[in-house]
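Using the sequences and the hints, build the whole thing.
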Amino acid sequence: MHSFVYRANALLTFAVTILAVMCAMASFSDNLNVPSPTAEVQVLNINWFQKHPNGNDEVSLTLNMSANLQSMFTWNTKQVFVFIAAEYETPLNSLNQVSLWDGIIPSKEHAKIWIHTTNKYRFSDQGSNLRGKEFNLTLHWHVMPKTGKMFADKIVMTGYRLPDEYR
Amino acid sequence: MDWQGQKLSEQLMQIMLVAFAVVAFITGYSIGSFQTMLLIYTAGVVLTTLVTVPNWPFFNRHPLKWLDPIEAERHPKPQPVAPKKKSTKQH
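Here the protein sequences line up with chains A and B, keeping their order.
For the first sequence, the UniProt record's numbering gives the first residue as 1, with consecutive numbering after it.
For the second sequence, the UniProt record's numbering gives the first residue as 1, with consecutive numbering after it.
I should point out that these hints are in silico values taken from the structure, not numbers from a laboratory.
Fair warning: there could be bad hints in the mix.
[To be verified] So these bits of chain B aren't anywhere near chain A, every CB distance computed over 12 Å:
1. Lys7
2. Ala21
3. Ala24
4. Gly28
5. Pro63
6. Asp68
7. Arg74
8. Lys77
[To be verified] Okay, the calculated beta carbon distance ranges per label pair:
9. B:Asp68 - A:Ala24: 37 to 45 Å
10. B:Ile15 - A:Ile155: 16 to 24 Å
11. B:Leu47 - A:Thr62: 53 to 61 Å
12. B:Leu47 - A:Phe28: 55 to 63 Å
13. B:Leu64 - A:Phe28: 32 to 40 Å
14. A:Lys149 - B:Leu47: 27 to 35 Å
15. B:Leu38 - A:Gly55: 54 to 62 Å
16. B:Leu38 - A:Tyr121: 32 to 40 Å
17. A:Tyr6 - B:Asp68: 29 to 37 Å
[To be verified] Calculated pairs, SDA-like style, for lysine to any residue (alpha carbon to alpha carbon, straight line, at most 20 Å):
18. A:Lys146 - B:Ser30
19. A:Lys78 - A:Lys112
20. B:Lys7 - A:His2
21. A:Lys108 - A:Thr38
No residue lacks a Cβ here, since even glycine has one placed at the ideal position from N, Cα and C.
In structure tokens form, the structure reads like this:
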């Protein structure tokens, strides 16, 4: 503490240490928030469903999703990444995940979503297993904090079925 | 800055920074704004810098009293004595 530079250095290092502690506490405070998001997805229409010459099935869907993700947002949340994946089982793979739609929610004000869309990314199978296939639509999300640990979770919605014939 | 001033400066720095951090965290958490927390803390750091880093007069209230040079001359520094012969009492 005997010189100007020494005092400036001591202050800076102590201030940054405290800042790190504050960020750790902010990250810890996220654990006190128990999110209770709701989501509902309807498959309104099968636009087309065909087998490509290479043998892979592909289907085009029209989806309607309404979701309320506001409870995920805390004071330490930067943004939330959400995506809807179709998940199904085939003889070869016990879990197939195909991302159909995704989005970035920048703030709590935008966290009530109502979306009417065709699938943003192609829903095609590696093979021709999709006819009459039962599948789940799963809403996955990653909560990206300003500081600290990223949280991820999902809501699984069951009971969807693809048609038995190509169209 | 004298000795007392250095101690005061260090204590002031630590107390002020911790106090601002506590206020900033509580305020930010209660109104739900991370940005507010950072703004309050930054303001606190700047204020603490202004208070404790420059050599303000109130850090210099306890000057050391050195002996007068004349007084010092009356008590001359003991001169180094000629090196003793090595003790040869090694029987």
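Quick one: which hint numbers does this structure break? Sort them smallest to largest. Hint check: 1, 2, 3, 4, 9, 10, 12, 13 fail, others pass.
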